[in-house]
Every structure is written in C-alpha cells, then in structure tokens.
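Participant: Sequence:
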Amino acid sequence: MIRSFIDAYSSTVKKKFETLISGGYIVQNIKEDLTYDYIHLSEENLWSILYFTGYLTRTKEKVAGKNVFALSVPNAEVMEIFEDAAEEWFVETSNQWDKKALFDAVWNRDDKSISEELTKLLRKTISYHDYKEDFYHAFFAGIFAGG
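Numbering-wise, this note's numbering puts 255 at position 127 of the sequence shown, and it's gapless, one number per residue.
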C-alpha cells in the first residue's frame, strides 16, 4: 500500500517518508471517516491509515486544528519496515535506470552527458539527507561495479 502511494504521489509522499525515516515528524490532517473504497483518492488517506493501524503515532508536538496531528514513527520495528520499503523502492528505481548512457559518456569522456545522466539518477534515488561523502563514494562504486 505504501508503495502504491509513493508511485501515485511520488514527490510529496517521498519527502514525508524521508522526514519520518530521519527521525522527524510530519503534520497531517487525519480522516476518521475513511472507507476502503476511497483509500487511494488522496495522499491524506495514506497518513490516516498508517496512524489508525499503529504505523505512525502522535508526537508531543502541539498542532492547531481539529484532526491535525504531528506524526512520527513509534518504534524501531516500524522504522525497520519503513526503511525496508524505502530500500526496495530505491533498488527498483535504480534497476529501471538504463546505465548504458552513463557508461558511454564516461568511456567517451563526455562531461556534459555524464553530468546530465548522474543528475537524473541522483534526483530519482537519493535524498538531501544523504549528505556524507562516504555515502556518495559507495553510491558511485555500486553504479560502476554493478554495470
């Protein structure tokens, strides 16, 4: 279910999951009258379902609004589920990417094409939370080792 929402509402859902996985919280309106038929109609429904099923919990942060809550990951077990889902999405996304264009650009020393291909890949796969240099070393080593 999480994956279907990431596919449908990619940008916003992905950013919110990044926030949750990094230990932060998100502020969401929670719908109490949600039915199965309408689950996929809005991104808001995903957060409501995750809240009501215990995959998210209210934080101590006070938020104004009737059904507006600050939500976070409740424990290590749920965090692991979210991290596994994110890793699966990452692997799937990177496996769909055609590496040939990047390899050809590297082989031909085409700086412009290398930059364009890497930019496309980085925007699809990593987060601004991945800021340590050793992460990028491993990322690029993985690209070229798996090629």
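Be careful, since some hints might not be right.
[Claimed, not checked] Calculated cross-link-like contacts (lysine-lysine; reagent style DSSO-like; alpha-carbon spacing at most 30 Å): (1) 142 <-> 159; (2) 159 <-> 227; (3) 188 <-> 240; (4) 228 <-> 240; (5) 240 <-> 227.
[To be verified] Computed spacing ranges between beta-carbons, pair by pair: (6) 161 <-> 220: 13 to 21 Å; (7) 186 <-> 161: 32 to 40 Å; (8) 140 <-> 161: 40 to 48 Å; (9) 244 <-> 220: 18 to 26 Å; (10) 151 <-> 181: 15 to 23 Å; (11) 181 <-> 140: 19 to 27 Å; (12) 181 <-> 250: 28 to 36 Å; (13) 143 <-> 196: 16 to 24 Å; (14) 149 <-> 188: 14 to 22 Å; (15) 140 <-> 207: 33 to 41 Å; (16) 236 <-> 191: 36 to 44 Å; (17) 196 <-> 232: 13 to 21 Å; (18) 220 <-> 170: 20 to 28 Å; (19) 228 <-> 180: 44 to 52 Å.
Please keep in mind that the hints were generated in silico from the structure rather than gathered at the bench. If you're wondering where the values come from, they're calculated on a predicted model, not measured in any experiment. C-beta atoms are modelled at their ideal positions from N, C-alpha and C, and glycine is treated no differently.
Participant: So which of those numbered hints doesn't the model satisfy?
Facilitator: The structure conflicts with hints 2, 3, 6, 7, 8, 15, 16 and 17, although it agrees with all the remaining ones.
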